[in-house]
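Novice: This is what each chain is made of:
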Amino acid sequence: MSTEILMPALSPTMTEGNLSKWLIKKGDTVKAGDLIAEIETDKATMEVEAVDEGVVLDLLFKEGEANIPVNKAIAIIGDPNEKVEVKKEAPVEKVIEEKKIEKNIETKIETKKDNIIDTPSPKIEEDTNLSSEEITMRQALRDTMAEEMRKDKKVFILGEEVAEYQGAYKVTQGLLQEFGKDRVLDTPISEHGFTGLAVGAAFKGLRPILEFMTFNFSMQAIDQIINSAAKTLYMSGGQINCPIVFRGPNGAAAQVAAQHSQDFSSWYSQVPGLKVIAPSTPYNAKGLLRSAISDPNPVIFLENEILYGLKGPVNNDINFSIPIGKANIEKEGKDLTIVTYSIMLQKSKEAALRLKEEYNLDIEIIDLLTLRPLDTETILNSVKKTNRLITVEESWPFGSVGSEIANIVQRDAFDYLDSPVIKVNSADVPMPYALSLEKLYLPQVDDIINAAKKVSYIK
Amino acid sequence: MKKLQKADYIKMYSFMLKIRRFEERAAQLYGMGKIGGFCHLYIGQEAVVVGILMTIDKNDSVVTTYRDHGHMIARGLDPKRIMAELTGREDGYSAGKGGSMHMFSKENNFYGGHGIVGAQVPIGTGIAFTHKYNGEKNICRTYIGDGAMNNGQVFEAFNLAALWKLPVLYIIENNKYGMGTSVDRAAAGLDLYKRGEAFGIPGEKVDGMNVFSVIEAADKAGKYVREGNGPYIIEVQTYRYRGHSMSDPAKYRTKEELDNYKQTDPIEIVKAEILKKKIATNDEIEKINKDTLEEIKNAAEFATNSPFPKDSELYTDVYL
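First to last, the sequence lines map onto chains A and B. Our numbering puts the first residue of the first sequence at 1, with every later residue one more than the last. Our numbering puts the first residue of the second sequence at 1, with every later residue one more than the last.
No wet-lab data here; the hints were simulated from the structure. Don't take each hint at face value.
Once the Cα atoms are required to be at most 25 Å apart in a straight line, the calculated DSS-like pairs of lysine-lysine come out as [claimed, not checked]:
no., chain 1, residue 1, chain 2, residue 2
1, B, Lys34, B, Lys80
2, B, Lys194, A, Lys153
3, A, Lys454, A, Lys123
4, A, Lys72, A, Lys153
5, B, Lys297, B, Lys276
6, B, Lys80, A, Lys153
7, A, Lys154, B, Lys137
8, A, Lys439, A, Lys423
9, A, Lys181, B, Lys251
10, A, Lys181, B, Lys80
11, A, Lys151, B, Lys132
12, A, Lys153, B, Lys106
13, B, Lys310, B, Lys6
14, A, Lys454, A, Lys384
15, B, Lys80, B, Lys11
16, B, Lys287, A, Lys154
17, B, Lys11, B, Lys276
18, A, Lys154, B, Lys6
19, A, Lys153, B, Lys165
20, B, Lys11, A, Lys154
21, B, Lys58, A, Lys154
22, A, Lys181, B, Lys132
If you're wondering where the values come from, they're calculated on a predicted model, not measured in any experiment.
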């Protein structure tokens, strides 16, 4: 009986992989544990072992083939005397089992699709300097860091696995090779220590870019971020500034559960002395990261792991930047305003499409881009036009960025509101592991649609 | 060891006396309600910072704890402006926004004044990183209280400093008490300087009541660090005569213990040496005493007459 070898999921966010190299050929006999192929994932190139035993009957993809979906058969092994077709006569039970797996994967991919829509914003289309080639968010971030490091020797990068490993999420790929180990530094796993060290270096005039492998680990270092980096300019009467960028993925990835899925946007946005940025596309990530690196203040740069693979055009001018503190009107509309940021922009856009189709609502979407300082002017102007507001964000509901926006809007545009402001947030619980519960925890397109119907008094 | 000149003896005596008189006056102003919040005095520990001062290059950097008034004076900063920071006035080094625990002077490479126990240790290590990154021959002197020696980030910093061979001299000011808890009730293993051994950082223990011992150790350690060998730890045994802060009656220790340390008063030791070596006469010493008292009196006068910060200052210096 023959067995299919499937493209394995080798990281929590992997949906497809590239077949870099076959380590077996047709006719070879493989045992469980033998290396059979090298697969390039979204994070690294890894060797894959055989689980089943038999003779290699067929290799279904050639070396170098890219974007092979997870769980797609890549090879067939079995008894050479048996015909390959035999597998179609597999017992019913197994087929059911396979279908179940397939369905799970579908859901998983669908979740990803919910998150990512590749339509460029109108603002991007107006950019005459736009690249014809589309690049990923991780490339955009990488390129910007490299460009700034070329310009200014004071800029250096440090963090866990940023150098030799090429970045836990490949965001620092190639930087070690170009800039050397004095400017691209692997740190031990001691966030408190190396964050304090970077803050000291910034006090003394360097411009560190500090990568947290994820912002969850920044809690280990939060005293240095808030008590030292954010407050020293004030406490020194304006003498000592701290030009540092703290960056890394923030919020949920895919099924990494409670301790690795926290959104810190409102935590850091509460702190005077910090600037907080949350990009949503390769285009704005590039422009905003450049502004962050050039800024003389400490900047929290909240990336999103699921968005690292998002592709889009960018502006390749090495001086192109997007100002901190300016929100982007992603889509103009007249019936209702959605204020959102980071990965929730994608879900908000999808909700806006459906709201147009199903309820003929013309939605205005504001992508905040910067959370602190907040662009209240853009929000208020929009609310004065549409008279209805919902906020959409991944963070917990209590004291979130949306809470502050609701406060500002009721204070400064009370008479313009035709309905209460509604916030769409994650569930007020720690992030669960199970795929089904994770989906329930996170704001989904349907939640946004329900909120929009509510503020529009649509039953 | 560095050969001390006659002028060095006078310098040491003057600085130590200036710190003592300053702190006494600060205590008085605190009692009068002119200084608020927390106020941690350095009385009894003067030989530590002054001993280190004798080996310092002006382009070296310094970072210390919240017990920082003496450190600023030793760095050559103006007592008038230090006192004005304590009284929270606009002429203070932080324009009245930092207070006793958070004072800085960037032009003098003095990087605070840190209110969080242990936080200055990674920061000082990062300043040392910058000296190395920029190819400068300077070092960063990072002071640590005995209390901070049980704080995790200190060891993270030690590891990084040793791993990257950073030019940082760690000076543990062991004044025997972390607030009201004696070292033996807080630290497992009383030789705090040995805590660098696991990282390969050499260290030694020094009598911190005697400025000459401090100079000798600081000179040797400073050379080691400046020559690119990586970090070094000096544990200075010292004693604070006053409580942890102004509100601390220091009931956790005996009067005999305090009196015992006062027998080896650091200022008296220098004075005796000056007289023995006939570097100055009793009259000359008296003149220094009088001048110092006058200078500190003027500083207090200045600090209580300097205006409070303007209301508009509330919103400045949040961002550059």
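Novice: If a hint holds in the structure, say so; if it doesn't, say that too.
Specialist: Tested hints:
no., hint, verdict
1, Lys34(B) with Lys80(B), "holds (14 Å)"
2, Lys194(B) with Lys153(A), "violated (37 Å)"
3, Lys454(A) with Lys123(A), "violated (30 Å)"
4, Lys72(A) with Lys153(A), "violated (46 Å)"
5, Lys297(B) with Lys276(B), "violated (30 Å)"
6, Lys80(B) with Lys153(A), "violated (39 Å)"
7, Lys154(A) with Lys137(B), "holds (18 Å)"
8, Lys439(A) with Lys423(A), "holds (18 Å)"
9, Lys181(A) with Lys251(B), "violated (53 Å)"
10, Lys181(A) with Lys80(B), "violated (46 Å)"
11, Lys151(A) with Lys132(B), "holds (20 Å)"
12, Lys153(A) with Lys106(B), "holds (22 Å)"
13, Lys310(B) with Lys6(B), "violated (46 Å)"
14, Lys454(A) with Lys384(A), "holds (19 Å)"
15, Lys80(B) with Lys11(B), "holds (19 Å)"
16, Lys287(B) with Lys154(A), "violated (50 Å)"
17, Lys11(B) with Lys276(B), "holds (17 Å)"
18, Lys154(A) with Lys6(B), "violated (43 Å)"
19, Lys153(A) with Lys165(B), "holds (21 Å)"
20, Lys11(B) with Lys154(A), "violated (38 Å)"
21, Lys58(B) with Lys154(A), "holds (23 Å)"
22, Lys181(A) with Lys132(B), "holds (14 Å)"
Of the numbered hints listed earlier, those contradicted by the structure are 2, 3, 4, 5, 6, 9, 10, 13, 16, 18, 20.
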